[in-house]
Amino acid sequence: MIVGEVFLESVSTGVITAEEIAWITAKQSQFDRQEEAMALKLGRLLDEGVIQIGCRMLGEHAASA
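Read left to right, the sequence shown gives residues 78 to 142 (the numbering used here).
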């Protein structure tokens, strides 16, 4: 998993999973400055209600990937 992928997927779907949050918190000490900024932005988006904690339903795009 890469922070950038989690960020883009969360922003595009409006959802971040509990597993992704757990991964971010477990790996945050290893993040570079850019990754830290993305993690902080995800936190702000969660606080603002733009992103919700939940699960994503697999669609055509995810099934073909």
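Please keep in mind that the hints were generated in silico from the structure rather than gathered at the bench. Don't take every hint at face value.
As the list claims (entries may be wrong) - Restricting the straight-line Cα-Cα distance to at most 20 Å, the calculated cross-link-like pairs of lysine to aspartate or glutamate (EDC-like) are:
| hint | residue 1 | residue 2 |
| --- | --- | --- |
| 1 | LYS118 | GLU82 |
| 2 | LYS118 | GLU97 |
| 3 | LYS104 | GLU125 |
| 4 | LYS118 | GLU86 |
| 5 | LYS104 | GLU86 |
| 6 | LYS118 | GLU96 |
Query raised in the report: CA of LYS104 to CA of GLU86, is that 20 Å or under?
Result: Holds: LYS104 and GLU86 sit about 18 Å apart, inside 20 Å.
Query raised in the report: If you draw a straight line from the CA of LYS104 to the CA of GLU125, is it 20 Å or shorter?
Result: violated, 23 Å
Query raised in the report: Holds or violated: LYS118 with GLU86, Cα cutoff 20 Å?
Result: Measuring from Cα to Cα gives roughly 13 Å; hence the hint holds.
Requested in this report: For the pair supplied as a hint, LYS118 and GLU96, confirm whether the alpha-carbon distance does not exceed 20 Å.
Outcome: With Cα atoms ~18 Å apart, LYS118 and GLU96 stay inside 20 Å; holds.
**Report entry** Restraint check for LYS118 with GLU82, where alpha carbons must lie at most 20 Å apart
**Finding:** Holds - the C-alpha atoms of GLU82 and LYS118 are around 14 Å apart, at most 20 Å.
Query raised in the report: Are LYS118 and GLU97 close enough, with their CA atoms no more than 20 Å apart?
Result: holds, 14 Å
Hint violations for this structure: number 3 only, all remaining hints satisfied.
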